[in-house]
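Asker: Here is what each chain is made of, one letter per residue.
2 protein chains.
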Amino acid sequence: MNREDFENILYDFKIFSNLISQEDKEFICDNTRSISYKKGTTIHDGNECSGVFLVRSGSLRVYIMSDEGKDITLYRLHAGDMCMLSASCVLQAITFDVLVDAEEDSECLVINGPAFARVSEKTPEIKIFALETAVSRFSDVMWVMQQILFMSVDKRLAVFLLDESIRLKSDNIELTHEQIAKYIGSAREVVSRMLKYFATEGIVENSRKGVKIINKDRLRALTL
Amino acid sequence: MNREDFENILYDFKIFSNLISQEDKEFICDNTRSISYKKGTTIHDGNECSGVFLVRSGSLRVYIMSDEGKDITLYRLHAGDMCMLSASCVLQAITFDVLVDAEEDSECLVINGPAFARVSEKTPEIKIFALETAVSRFSDVMWVMQQILFMSVDKRLAVFLLDESIRLKSDNIELTHEQIAKYIGSAREVVSRMLKYFATEGIVENSRKGVKIINKDRLRALTL
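Chains as they are written, first to last, in the working numbering: chain H, 1 to 224; chain E, 1 to 224.
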C-alpha cells in the first residue's frame with residue numbers, strides 16, 4: 001500500500017479529524033502499522049501495551065479470563081471501532097487487563113502506544129476522544145455485568161440470539177454452543193440444555209451449523 | 001458558612017486547580033451546594049442527573065440493583081473523592097445507571113450537572129479530569145466483576161475483611177453478615193456459613209457487633 005492510500009485509510013477514522021499539524025499527522029502515520037490477523041488469533045494477551053487498534057474489517061472480541069481459563073466476553077469491535085483497552089500505557093487510569101482475539105479474519109491499523117500517548121498529551125481533543133471511547137466501553141461492560149449478575153440464562157440467550165440476528169441481518173446464527181456460552185457468560189452445558197428447550201418450544205432449530213431462529217416473536221417475548 | 005470558607009473548601013478539590021478565569025470559578029461556586037446526608041440515605045437513585053458529588057467527609061456506596069432488589073457494590077467513595085457516575089448528563093458516554101447511598105453521615109459538595117458540563121466543555125483539563133475519574137472507576141468495577149465471576153466466596157470474603165481492616169486500621173469489622181454479603185456480591189446465608197467456618201478455624205470471632213480478625217496470617221493465606 002502506498003503512503004497516500006495508507007494516510008487516507010488512517011485519517012478516515014474520526015479521532016484523527018482532531019489532528020491539525022502536518023507534523024503530528026506524519027508522526028502518527030510513521031508509528032502506525034497495517035496488520036492482518038487470521039480468525040482465532042490472540043492479538044493482545046493483556047500483558048504488554050499492544051497499542052491502539054483501529055478496526056478496518058472483521059471483528060475483534062475483547063474478554064477477561066480467570067486463572068482457570070474461564071472467560072467472559074466484554075464486547076466486540078467491528079469496522080470503524082477503536083480499541084483503547086489494549087493500550088493501558090496510554091490511559092493511566094486503566095489498571096486492569098483484557099485479552100483481544102480476532103474473531104474473524106480482521107484487518108487493523110495498530111498505533112504504537114507511546115506515540116499515541118505523545119500526540120494525545122499535545123492535543124486535548126484526542127485525549128478526550130480516547131477517554132470517551134474507554135468510558136463507552138465501561139457502559140458496555142456494565143451492561144454485560146448486569147446481564148450476568150441479574151438476568152436468568154434463558155433471557156440472556158434470547159437477547160443474544162436477537163442481537164446477533166440483527167447484527168448479521170440473518171436468522172441463522174452460525175456459532176457453536178461453546179461460543180454462545182462464552183458470549184453470554186455461561187457454560188456450554190447450560191446453553192445446550194436451554195437451546196434444546198427453545199427447540200422443543202418451536203422457537204429455534206438447532207443443527208451442526210448453528211442455531212436458526214424460527215419464531216422471533218416468542219424469542220422476543222423471552223427478553224421482556 | 002461564608003462565601004470565602006465555601007470557596008476554600010470547593011477549590012481544595014484537585015479538579016478545580018484547572019479553573020483559571022475568575023468568572024468560571026464564581027460560576028461553579030454559584031452552582032454548588034453543600035449538603036449533609038444522614039447514614040442510610042439514598043442520595044442518587046439512578047434516574048435523574050443528580051450532579052457531581054465531591055465527598056468532604058463520610059462514605060458513599062455506589063451500587064447497581066436488579067429488578068428483584070438484589071444489589072452489588074461497585075465501589076465506595078471517601079473524603080476527597082469525586083463521583084461522576086451520578087452525573088450522566090455530564091458524560092454522554094455513560095449509558096448505565098448506578099445508585100448511591102450515604103453509608104455513614106456524609107458531607108458533600110454537589111455541583112449542578114449542566115453547570116459542570118458547561119465549564120468542562122470550555123476547559124479541556126476539567127473534562128479530561130472528569131473522564132479520567134470515570135475510567136478509574138471502570139478499573140474498580142472490573143476488579144469487582146473479576147472477583148464475582150472468577151473468585152470463590154472464601155477468597156472474596158478474606159480479601160474484603162483484610163481490606164476493611166486496613167481501611168479502618170482495626171481488626172474489628174462492625175458490619176452485619178447482610179452488609180458483608182452486599183459488599184462481596186454474595187448471599188447472607190453464604191457469608192454466615194463461611195464466617196462460621198472461619199471461626200471454627202480460629203481465623204475470626206463472630207459476635208453481634210460484627211467480625212473480629214484474630215489470625216491475620218491465615219486470613220491472608222486464603223487470599224493467595
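Hints may contain errors.
Same chains, same names: a pair is fine if it fits in one copy or spans any two.
25 angstroms max Cα-Cα, derived DSS-like pairs, lysine-lysine [claimed, not checked]:
(1) LYS169 / LYS38
(2) LYS14 / LYS212
(3) LYS122 / LYS14
(4) LYS216 / LYS182
(5) LYS39 / LYS169
(6) LYS182 / LYS70
(7) LYS212 / LYS39
(8) LYS122 / LYS209
(9) LYS70 / LYS155
(10) LYS155 / LYS38
(11) LYS39 / LYS25
(12) LYS196 / LYS216
(13) LYS122 / LYS182
(14) LYS38 / LYS122
To be clear, the hints were calculated from the coordinates, so they are not data collected in a lab.
Owing to the predicted nature of the structure, the values given are computational and were not obtained by experimental measurement.
Asker: All the hints need checking, so say for each whether the structure fits it.
Answerer: Now for the hints, and whether the structure bears them out:
1. LYS169 / LYS38: within (24 angstroms within a copy, 52 angstroms between copies)
2. LYS14 / LYS212: Neither way: LYS14 and LYS212 sit 36 angstroms apart in one copy and 55 angstroms across, limit 25 angstroms.
3. LYS122 / LYS14: both (18 angstroms within a copy, 21 angstroms between copies)
4. LYS216 / LYS182: For LYS216 and LYS182, only the intra-copy Cα distance (23 angstroms) is at most 25 angstroms; the inter-copy one is 37 angstroms.
5. LYS39 / LYS169: Close inside one copy (21 angstroms), not across copies (51 angstroms); limit 25 angstroms.
6. LYS182 / LYS70: Both. Shortest intra-copy (9 angstroms) and inter-copy (24 angstroms) distances satisfy the 25 angstroms Cα cut-off.
7. LYS212 / LYS39: within (23 angstroms within a copy, 53 angstroms between copies)
8. LYS122 / LYS209: Classified as neither; 50 angstroms inside a copy, 54 angstroms across copies.
9. LYS70 / LYS155: both (21 angstroms within a copy, 17 angstroms between copies)
10. LYS155 / LYS38: neither (33 angstroms within a copy, 38 angstroms between copies)
11. LYS39 / LYS25: For LYS39 and LYS25, the Cα distance exceeds 25 angstroms both inside one copy (31 angstroms) and across copies (53 angstroms).
12. LYS196 / LYS216: within (16 angstroms within a copy, 49 angstroms between copies)
13. LYS122 / LYS182: Classified as neither; 40 angstroms inside a copy, 43 angstroms across copies.
14. LYS38 / LYS122: neither (35 angstroms within a copy, 44 angstroms between copies)
In terms of the numbered hints stated before, the structure departs from hints 2, 8, 10, 11, 13, 14, listed from lowest to highest.
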